[in-house]
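Peer 1: Chain R: place on chain V using the hints.
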Amino acid sequence: MTRQEIEREIKNIFQREFEIENPGMDDDLRETYEFDSIDAIELLLEIEKFLGSELSQEEKKQAMDIRTINQICDYIERIIQTRKVSVAK
Amino acid sequence: MERRVVITGSSAITPIGHGKDQIVESLLKGVSGIKPLREDALISRFIHSRVYGTVDYPINYEFKRQHRKTMGPVAYYACQVAKEVLEQTGLPEDFITSGKMGVAFGSIHGSPSVQRDIYRIFFEAKEKSAYQTIGAVDYLKSMVHTTAVNITKMFGITGRVISSGTACTTSSQSIGYGYEAVKYGLQEAMLCGGADEYDTITVAVFDNLLACSTAFNSEPHRTPRPFDKLRDGLVVGEGAGAVMLEEYEFAKKRGANILAEVIGFACNNNGGDLILPNLHGITETLKLGVENAKVNPQDVDLVSAHATATKMGDIIEAQAIGAVFGSHPYVVGLKSYIGHTMAACGAIETIMSLYMMQEGFIAPTINLEEIDERCAMIKHVQKVLQYPVETAAIQNFAFGGVNTILLIRKFS
Numbered sequence: 003m004t005r006q007e008i009e010r011e012i013k014n015i016f017q018r019e020f021e022i023e024n025p026g027m028d029d030d031l032r033e034t035y036e037f038d039s040i041d042a043i044e045l046l047l048e049i050e051k052f053l054g055s056e057l058s059q060e061e062k063k064q065a066m067d068i069r070t071i072n073q074i075c076d077y078i079e080r081i082i083q084t085r086k087v088s089v090a091k
Numbered sequence: 412m413e414r415r416v417v418i419t420g421s422s423a424i425t426p427i428g429h430g431k432d433q434i435v436e437s438l439l440k441g442v443s444g445i446k447p448l449r450e451d452a453l454i455s456r457f458i459h460s461r462v463y464g465t466v467d468y469p470i471n472y473e474f475k476r477q478h479r480k481t482m483g484p485v486a487y488y489a490c491q492v493a494k495e496v497l498e499q500t501g502l503p504e505d506f507i508t509s510g511k512m513g514v515a516f517g518s519i520h521g522s523p524s525v526q527r528d529i530y531r532i533f534f535e536a537k538e539k540s541a542y543q544t545i546g547a548v549d550y551l552k553s554m555v556h557t558t559a560v561n562i563t564k565m566f567g568i569t570g571r572v573i574s575s576g577t578a579c580t581t582s583s584q585s586i587g588y589g590y591e592a593v594k595y596g597l598q599e600a601m602l603c604g605g606a607d608e609y610d611t612i613t614v615a616v617f618d619n620l621l622a623c624s625t626a627f628n629s630e631p632h633r634t635p636r637p638f639d640k641l642r643d644g645l646v647v648g649e650g651a652g653a654v655m656l657e658e659y660e661f662a663k664k665r666g667a668n669i670l671a672e673v674i675g676f677a678c679n680n681n682g683g684d685l686i687l688p689n690l691h692g693i694t695e696t697l698k699l700g701v702e703n704a705k706v707n708p709q710d711v712d713l714v715s716a717h718a719t720a721t722k723m724g725d726i727i728e729a730q731a732i733g734a735v736f737g738s739h740p741y742v743v744g745l746k747s748y749i750g751h752t753m754a755a756c757g758a759i760e761t762i763m764s765l766y767m768m769q770e771g772f773i774a775p776t777i778n779l780e781e782i783d784e785r786c787a788m789i790k791h792v793q794k795v796l797q798y799p800v801e802t803a804a805i806q807n808f809a810f811g812g813v814n815t816i817l818l819i820r821k822f823s
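Keeping their order, the protein sequence lines are chains V and R. Each residue of the first sequence is one higher than the one before, counting from 3 in our numbering. Each residue of the second sequence is one higher than the one before, counting from 412 in our numbering.
Isolated chain V, as found in the complex (with noise of 0.2 Å):
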């Protein structure tokens, strides 16, 4: 999956589930949008939906710190990246 696959459903996800249109991929989410903590668990659950596995403990716990877009992707592409890891072992 490229990196312009995954911001481009990070940004459907957004329009669908959270009422906001086009975000800066630098914006701080919870400053410009309101984004907040039941906010993050849903995106999570969108998340699993979208990778098609369940995302562990840890891995959610990793994603609490997470203020743009950009930090999304980056934490998308590094779950693909572990789990082919894992997978390769």
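What the hints contain is simulated information worked out from the structure, not anything from laboratory work. Cβ coordinates follow ideal geometry from the N, Cα and C atoms, glycine included. A hint or two may mislead.
Taking lysine-lysine and the PhoX-like style, the derived pairs with C-alpha atoms no more than 20 Å apart in a straight line are [unchecked claim]:
1. Lys-511(R) with Lys-494(R)
2. Lys-51(V) with Lys-539(R)
3. Lys-790(R) with Lys-722(R)
4. Lys-494(R) with Lys-475(R)
5. Lys-722(R) with Lys-640(R)
6. Lys-564(R) with Lys-494(R)
7. Lys-494(R) with Lys-431(R)
8. Lys-794(R) with Lys-640(R)
9. Lys-539(R) with Lys-62(V)
10. Lys-51(V) with Lys-63(V)
11. Lys-51(V) with Lys-537(R)
12. Lys-480(R) with Lys-13(V)
Reference excerpt, derived from the structure (chain R facing chain V, CB under 10 Å, subset only) [what the hints assert, rightly or not]:
13. Pro-469
14. Asn-471
15. Lys-475
16. Arg-476
17. Lys-480
18. Thr-481
19. Lys-539
20. Gly-546
21. Val-548
22. Leu-551
Computed beta-carbon distance windows for the label pairs [stated by the list, open to error]:
23. Ile-529(R) with Glu-9(V): 30 to 38 Å
24. Glu-33(V) with Glu-450(R): 44 to 52 Å
25. Lys-539(R) with Ser-39(V): 35 to 43 Å
26. Gln-73(V) with Arg-456(R): 48 to 56 Å
27. Asp-505(R) with Met-66(V): 28 to 36 Å
28. Asp-432(R) with Arg-32(V): 39 to 47 Å
29. Leu-621(R) with Arg-32(V): 52 to 60 Å
30. Phe-533(R) with Ser-55(V): 21 to 29 Å
31. Ile-529(R) with Arg-80(V): 26 to 34 Å
32. Glu-498(R) with Ser-88(V): 54 to 62 Å
33. Val-87(V) with Ile-612(R): 27 to 35 Å
34. Glu-33(V) with Arg-531(R): 31 to 39 Å
35. Gln-73(V) with Asp-505(R): 30 to 38 Å
Peer 2: Positioned in the frame of chain V, the structure of chain R alone reads:
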């Protein structure tokens, strides 16, 4: 220290209209808000009572996503009437968020439609992934204090939160405990009320107890029939009501439009059976209310009776009114228009009484065609009366043996 408490705003969503103009017009015209029970694809087909006090008109909600995401239908009703009351009062934002104003608001069991969706997942889910469809916000939408805290969130209210959930006395307690919080100096203002959404489970509960009306299924507007010889039970309804209570000097100083004064409140329990009406218990409630308001029973000229139109409940209530107030005050059963709006009934009936006080009339108990002789010791209203109501008592009684009375007086 006892301080005077005044009402400075009110709003209601009811089966006979939204806001003062529509509600007053319906009361004057004798409009019924009882409609056929809607199919719910779950239990409605098993229910014998086919009638419901229905809010069947669109409401133009303008809530932001940040607020909507934690709201079930019951919170929509609650936040809408709260918003309208706040707008009416003109209270400034810095006061609303100061901690000097609190919220007393409840519903009988949160949002049953959201709970129903959660239970559906529990019973139908075959795999773990299905459980994950229970959203992070589902509890916030369904919990018993969802109305109160969605109001605090939407308007940034930081004062006390009281969230009564005592069935049919939920919102009369909200107003009563809000009144006491202001009267005794704990808060300068309290936004008080109650709401309940369309819910067939509540109908099923009363239906199973043989307490629901079934004889007028083909003519919904002819039921409920408080105090009437042909009454055959209650009709469940939906809606919401809210009032703003403020300390009198504070309201006066800021030039608020004072609508009426709350002069008394009482609440007690029957101390026994959780369902059956109790003559001694509610007679005591009415006496305590009169005592608390420091008025003579003959000073009360309007009684808004709980009057659900059950066989025994109406007789017991009529006897209690007769024993405490005599045959002097006019007595009206406002559920004849809207059904039993559950957690909202105390607030809605207080607001309707307030409107009649403001407009100088008393609405009749509709469907009261032949007074049951066992309820005949009190003064019933069977046609619209032009009458300058000075003091009104609003009575509500709940499952669990909880009884309340609120007394309000025209402001002068």
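Peer 1: It remains to establish, for every hint, whether it holds in the given structure.
Peer 2: Cross-check of the supplied hints:
1. A hinted pair counts as satisfied when its Cα atoms are at most 20 Å apart, and Lys-511(R) with Lys-494(R) qualifies at roughly 18 Å.
2. Taking the CA atoms of Lys-51(V) and Lys-539(R), the gap is near 13 Å; set against the 20 Å cutoff, the hint holds.
3. Between the alpha carbons of Lys-790(R) and Lys-722(R) the distance comes to roughly 19 Å, so the proposed pair stays at or under 20 Å and holds.
4. Note on Lys-494(R) and Lys-475(R): the hinted pairing holds, with a Cα-Cα distance of about 13 Å set against a maximum of 20 Å.
5. At roughly 9 Å between alpha-carbon atoms, Lys-722(R) and Lys-640(R) fall within 20 Å of each other, so this suggested pair holds.
6. Of the pairs offered as hints, the one joining Lys-564(R) and Lys-494(R) holds, with about 12 Å between alpha carbons and a cut-off of 20 Å not exceeded.
7. With a C-alpha separation of about 15 Å, the suggested pair Lys-494(R) and Lys-431(R) falls inside the 20 Å cut-off, and the hint holds.
8. A C-alpha spacing of about 17 Å is found between Lys-794(R) and Lys-640(R), which places the hinted pair at or below 20 Å, so the restraint holds.
9. A C-alpha spacing of about 17 Å is found between Lys-539(R) and Lys-62(V), which places the hinted pair at or below 20 Å, so the restraint holds.
10. The straight-line distance between the Cα atoms of Lys-51(V) and Lys-63(V) is roughly 18 Å, inside the 20 Å bound, and the hint therefore holds.
11. Of the supplied pair hints, the one linking Lys-51(V) and Lys-537(R) holds, its CA atoms being roughly 17 Å apart against a limit of 20 Å.
12. A hinted pair counts as satisfied when its Cα atoms are at most 20 Å apart, and Lys-480(R) with Lys-13(V) qualifies at roughly 19 Å.
13. The beta carbon of Pro-469(R) is not positioned within 10 Å of any beta carbon in chain V (closest approach about 21 Å), and the interface hint is therefore violated.
14. Given hint, Asn-471(R) at the interface with chain V, is violated; its Cβ is 18 Å from that chain's nearest Cβ, farther than 10 Å.
15. Checking Lys-475(R) against chain V by beta carbon gives a least distance of about 8 Å; that is within 10 Å, so the hint holds.
16. Of the supplied interface hints, the one on Arg-476(R) holds, with its beta-carbon coming within about 5 Å of a beta-carbon of chain V, less than 10 Å.
17. Evaluation of the Lys-480(R) hint against chain V yields a held restraint, the C-beta minimum of about 7 Å falling below 10 Å.
18. A distance limit of 10 Å between C-beta atoms decides the matter here; for Thr-481(R) the minimum to chain V is near 7 Å, and the interface restraint holds.
19. Taking 10 Å as the C-beta contact cut-off toward chain V, the hint placing Lys-539(R) at the interface holds, the least distance being around 8 Å.
20. Below 10 Å, beta-carbon pairs count as interface contacts, and Gly-546(R) has one with chain V at about 7 Å; its hint therefore holds.
21. Among the interface hints, the one on Val-548(R) holds; its C-beta lies about 6 Å from the nearest C-beta in chain V, closer than the 10 Å criterion.
22. Using the Cβ-Cβ criterion of 10 Å, the hint placing Leu-551(R) at the interface with chain V is satisfied: the shortest such distance is roughly 8 Å.
23. Ile-529(R) and Glu-9(V) have their C-beta atoms about 34 Å apart, which keeps the hinted 30 to 38 Å range intact.
24. The beta-carbon spacing between Glu-33(V) and Glu-450(R), approximately 46 Å, falls within the hinted interval of 44 to 52 Å.
25. With their beta carbons about 23 Å apart, Lys-539(R) and Ser-39(V) fall outside the hinted range of 35 to 43 Å.
26. Remark: the range hint 48 to 56 Å for Gln-73(V) to Arg-456(R) is upheld by a beta-carbon distance near 51 Å.
27. Separated by about 33 Å at the C-beta atoms, Asp-505(R) and Met-66(V) satisfy the suggested range of 28 to 36 Å.
28. In this structure the supplied range 39 to 47 Å holds for Asp-432(R) paired with Arg-32(V), their Cβ-Cβ distance being about 42 Å.
29. Roughly 54 Å separates the CB atoms of Leu-621(R) and Arg-32(V), a value that falls within the hinted 52 to 60 Å.
30. Between Phe-533(R) and Ser-55(V) the CB atoms are about 23 Å apart, so this pair conforms to the stated range of 21 to 29 Å.
31. For the pair Ile-529(R) and Arg-80(V), the beta carbons lie near 33 Å from each other, so the given range of 26 to 34 Å is met.
32. At about 57 Å, the CB distance of Glu-498(R) to Ser-88(V) agrees with the hint of 54 to 62 Å.
33. With their beta carbons about 51 Å apart, Val-87(V) and Ile-612(R) fall outside the hinted range of 27 to 35 Å.
34. Remark: the range hint 31 to 39 Å for Glu-33(V) to Arg-531(R) is upheld by a beta-carbon distance near 37 Å.
35. Here the CB-CB span from Gln-73(V) to Asp-505(R) is close to 36 Å, well matched to the stated 30 to 38 Å.
When each numbered hint is compared with the structure, violations occur for hints 13, 14, 25 and 33.
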